[in-house]
Amino acid sequence: MRSSTSYNLWLIAPAALMVGLFFLYPLFFSLYSAITTDEGGLTLAHLEKAFELYSNDILFTIIIVLASVVLLAILSISIAALITLSPFRSIVSLLGFIYRIPLFIPFIVTAQMMRTFLAKNGLMNNAFIASGMLTPLETVSFLGWSGIIIVFVWKQLAFCTLLITGAMAALDESQIRAARNLGASRIRILFQIMLPQITPTIGVAMILSTVTIMSVLSVPLMIGTGTPTMMATDMAFRINSYGDYHVANALGLVSYLICAGLAWFYLHQSLKEKGAI
Amino acid sequence: MLTKTKIIALASIGLTQFSGYVQAETTLNVVSAGGQNMVDYVKTYLAPKFEASHPGVKINIVGTGPGDAGSHKILEKLSAQKNSGLEHWDVDVAVVHQKIGGEMVADGLLAKYRSDIKTGTLVTRDSAENALGVDVNGYVMPMFHSQTAIAYNSDFIKTPPKSYDELVKWTQDNPKAFGYNGIKNGMSGVSFVTGWIYAYGTEAATLSSAPYNKDIATSWDKAFSELKAFNKNITFTPGNAGTLDMLNRGEIFMGPVWVDMFYSWKDQGKIPPSMKLSLIAPGMPGQPMYYVTPIKAENAQLAREFIEMATSPDIQAEGIVKRFNWYPGIDAQHVQGNLDKATWTKLFAEITPNDLSQYGKSFPIAPYFDDIKEGYERKVSN
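Line by line, the protein sequences are chains A and B. Following my numbering, the numbering of the first sequence begins with 1 at its first residue and continues without gaps. Following my numbering, the numbering of the second sequence begins with 1001 at its first residue and continues without gaps.
There could be a bad hint or two in this list.
Derived lysine to aspartate or glutamate pairs resembling EDC-like cross-links, with alpha carbons at most 16 Å apart [what the hints assert, rightly or not]:
{"#": "1", "chain 1": "B", "residue 1": "Lys1158", "chain 2": "B", "residue 2": "Glu1350"}
{"#": "2", "chain 1": "A", "residue 1": "Lys49", "chain 2": "B", "residue 2": "Asp1371"}
{"#": "3", "chain 1": "B", "residue 1": "Lys1118", "chain 2": "B", "residue 2": "Asp1314"}
{"#": "4", "chain 1": "B", "residue 1": "Lys1118", "chain 2": "B", "residue 2": "Glu1305"}
{"#": "5", "chain 1": "B", "residue 1": "Lys1341", "chain 2": "B", "residue 2": "Asp1314"}
{"#": "6", "chain 1": "A", "residue 1": "Lys120", "chain 2": "A", "residue 2": "Glu138"}
{"#": "7", "chain 1": "A", "residue 1": "Lys120", "chain 2": "B", "residue 2": "Glu1251"}
{"#": "8", "chain 1": "B", "residue 1": "Lys1379", "chain 2": "B", "residue 2": "Asp1267"}
{"#": "9", "chain 1": "B", "residue 1": "Lys1176", "chain 2": "A", "residue 2": "Glu138"}
{"#": "10", "chain 1": "B", "residue 1": "Lys1112", "chain 2": "B", "residue 2": "Glu1374"}
{"#": "11", "chain 1": "B", "residue 1": "Lys1162", "chain 2": "B", "residue 2": "Asp1355"}
{"#": "12", "chain 1": "B", "residue 1": "Lys1276", "chain 2": "B", "residue 2": "Asp1355"}
{"#": "13", "chain 1": "B", "residue 1": "Lys1373", "chain 2": "A", "residue 2": "Asp244"}
{"#": "14", "chain 1": "B", "residue 1": "Lys1077", "chain 2": "B", "residue 2": "Asp1090"}
{"#": "15", "chain 1": "B", "residue 1": "Lys1379", "chain 2": "A", "residue 2": "Glu52"}
{"#": "16", "chain 1": "B", "residue 1": "Lys1276", "chain 2": "B", "residue 2": "Asp1155"}
{"#": "17", "chain 1": "B", "residue 1": "Lys1322", "chain 2": "B", "residue 2": "Asp1267"}
{"#": "18", "chain 1": "A", "residue 1": "Lys49", "chain 2": "B", "residue 2": "Glu1374"}
{"#": "19", "chain 1": "B", "residue 1": "Lys1073", "chain 2": "A", "residue 2": "Asp244"}
{"#": "20", "chain 1": "B", "residue 1": "Lys1373", "chain 2": "A", "residue 2": "Glu52"}
{"#": "21", "chain 1": "B", "residue 1": "Lys1214", "chain 2": "B", "residue 2": "Glu1374"}
{"#": "22", "chain 1": "B", "residue 1": "Lys1058", "chain 2": "B", "residue 2": "Glu1298"}
{"#": "23", "chain 1": "A", "residue 1": "Lys49", "chain 2": "B", "residue 2": "Asp1155"}
{"#": "24", "chain 1": "B", "residue 1": "Lys1276", "chain 2": "B", "residue 2": "Glu1350"}
{"#": "25", "chain 1": "B", "residue 1": "Lys1118", "chain 2": "B", "residue 2": "Glu1308"}
Worth flagging that the hints you see were computed from the coordinates, not collected in a lab.
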């Protein structure tokens, strides 16, 4: 029995070593660097500096993330519901094909596309002007906070819709059929039968999107202009311009905490629903 | 007899193959900071020329990315190799920005090679001796100089501003028509802000030379609050290329750009001929890129020969000035003879050599530079 336990431990050793070396070590190293001086003493100076210089940017990041996630939830649930419940199968299969396209386009390409699309004299405004809906003086540039949200929602929409459509498709078909036989409308089926059962999947999609959005550097750099800006830009600037890893890691610590806060909220909610708390 | 010939033929073929193999073993590792155009320059222009004159040598070029970040990666790699006590470092030639070049010399990472190469005497300008306060004499050869200036649309602006004061007035009369990229999205914005401090904070001569006096930075509060007010009248652009994009689309009519990028875009037809440049008083900073070779480079002699070729007058004329619209790294008079008149005058068409000597400034020494950037973050953008 003993020998089989140690044998099993040897089996997981390579995977555990890899996780430790490439995930846990860098994570803890960066957390350590955020709260220590070059000599190794504990300090809060880096965190203080991060908040002193970048508190507006931290707030801006949180607002951008929340706005994007709310829009994502509304849009991806609508698309998924249309795909699952619509009676027009041929349009649905076309929709099913189109919504997946952003999955295959990297963030940096999206940012570059949107840069020419959303600019004041860009493709979108020129199309409005050509169609007579706007005059050149009425056009507005979307390069800035609104552009950043548009890019994030556009890019993450496919991913969230894919997860949510999958969860909806996995629901027991007989429940929906039974509801329909009893005369429930499609909206009612969506809100009272489907959504309550797939809340965990929606939560996962939103949290994964939050983490992705927080980590993208190319979009705030290419679409965002001026200040405030997102934290990823500040972290890159601290390292590239000052060689200052401490404050960059302090900002990293703040973003870990934001993501951890969301994860805690989600876990807490799902445990509560299962009656564990 | 026939068999013998065959054997000899086969043997000679075998030998040539073998010797080819042996010769190709020498690889000269060139690492370059800067944009993709820098990597392409070495790969498509310098490498074929050098490989032709040095049979059996192969050049391996690696790019580390634009801005100080790219140079910083090279510094970190060399420091790591030094700290681990390696006998030979795997970088033979590096192309780095001015600021990091100085840091590398201060850290003892570079070889003092300029007196070993023939072209070493062709450069006399200040940036070959002093890198933002660090004495780099003998350790570096400038590859080229780049300069920032204000680009403007001459269809709309007949008399461009000649100084920061005139520019401020112009932006008050034409709100949102001037654009720059702040300090986090590219060096042309950093350069504009540095010029602002030269104009309203402390003059360039003091900030660009050692020693560092910590008190000077505290006197910039007024300059920063004026810059904050100025920022309300302008448009922010996404990056160096973003400024040129917006100029091209007519969203802004004026903005700071790198001169070489401006001329290259103009050559490629990406911005209209009506765009012109103006270098405003008291001046805007520019910087050189340096060729350096690490103190423990594996192919030290080849590295010197490579840099000698790259800084020779004909390569500087053809490769640096004509291809890239950069100002030459070696003194201009050595290059002039190798250039046709049209190319020469184009380079100095809007910014005359006189403007350049009067208003072409250096970046400040590293601690002042950090003070300017952090002051901007603290007092202007916060």
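Quick one: which hint numbers does this structure break? Sort them smallest to largest. Of the numbered hints, 8, 10, 23 do not hold.
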